[in-house]
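Engineer: Sequence:
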Amino acid sequence: MATRKPSIDQNLIRDLANILNETDLTEIEIEQDDLRVRVSRAGTPQVVHAPVAQAQAPAAQPVAAQPAEAAAAKPSVNAVPAPMVGTVYMSPAPGAKPFVEIGQSVKEGQTILIIEAMKTMNQIPSPRSGKVVDIMVADGDPVEFAEPMIVIE
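Residue numbers (our numbering): 81 to 233.
Simulated from the structure, these hints should not be mistaken for laboratory data.
Warning: the hint list may mix true and false statements.
Pairwise CB distance ranges, derived in the manner of DEER restraints [stated by the list, open to error]:
id, residue 1, residue 2, range
1, D114, R208, 17 to 27 Å
2, Q184, I110, 41 to 51 Å
3, I110, A176, 33 to 43 Å
4, G220, R94, 15 to 25 Å
Think of the CB as a built atom: it goes at the ideal place given N, C-alpha and C, for glycine as much as any other residue.
Turn these sequences into a full structure, and let the hints guide you.
Structural biologist: See below:
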């Protein structure tokens, strides 16, 4: 007989991520029955299906906060903030030309990058016309909600 894994409550993960943002914690972990959910700023959310009695301590992860701190050190009023949490993709396909480059002019509504969230590719449009003066994220980078990504002046 196959064992049925518990379903993952997406709202629970969002609530945990919001708690991280509100409290400036670096990670939070909860256990319910045989489901363990850990949300961390240093990595991606992890869901482990294992009996709680056999659960092992999570391995230490290197803290990769320097890029986020550097971005926070020089906020720009013209920065385009991430509208959601996810992974940034700078081009429509691996190996393809990026949507935008520094020095390029963009028009309002033009796709400037993609954020993958929950296996959905979300095209992010430019909120205004202007010139790209800084790109603060790289292809494959994780982004937090409201994190500055591209400066358009």
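Engineer: Each hint: holds or not?
Structural biologist: Going through the hints against the structure:
1. D114 / R208: 17 to 27 Å: At 49 Å between Cβs, range violated.
2. Q184 / I110: 41 to 51 Å: Taking Cβ atoms as reference, Q184 and I110 lie about 44 Å apart, which means the hint holds.
3. I110 / A176: 33 to 43 Å: 39 Å Cβ-Cβ, so the 33 to 43 Å window holds.
4. G220 / R94: 15 to 25 Å: holds (22 Å)
When held up to the earlier numbered hints, the structure conflicts with hint 1 and nothing else.
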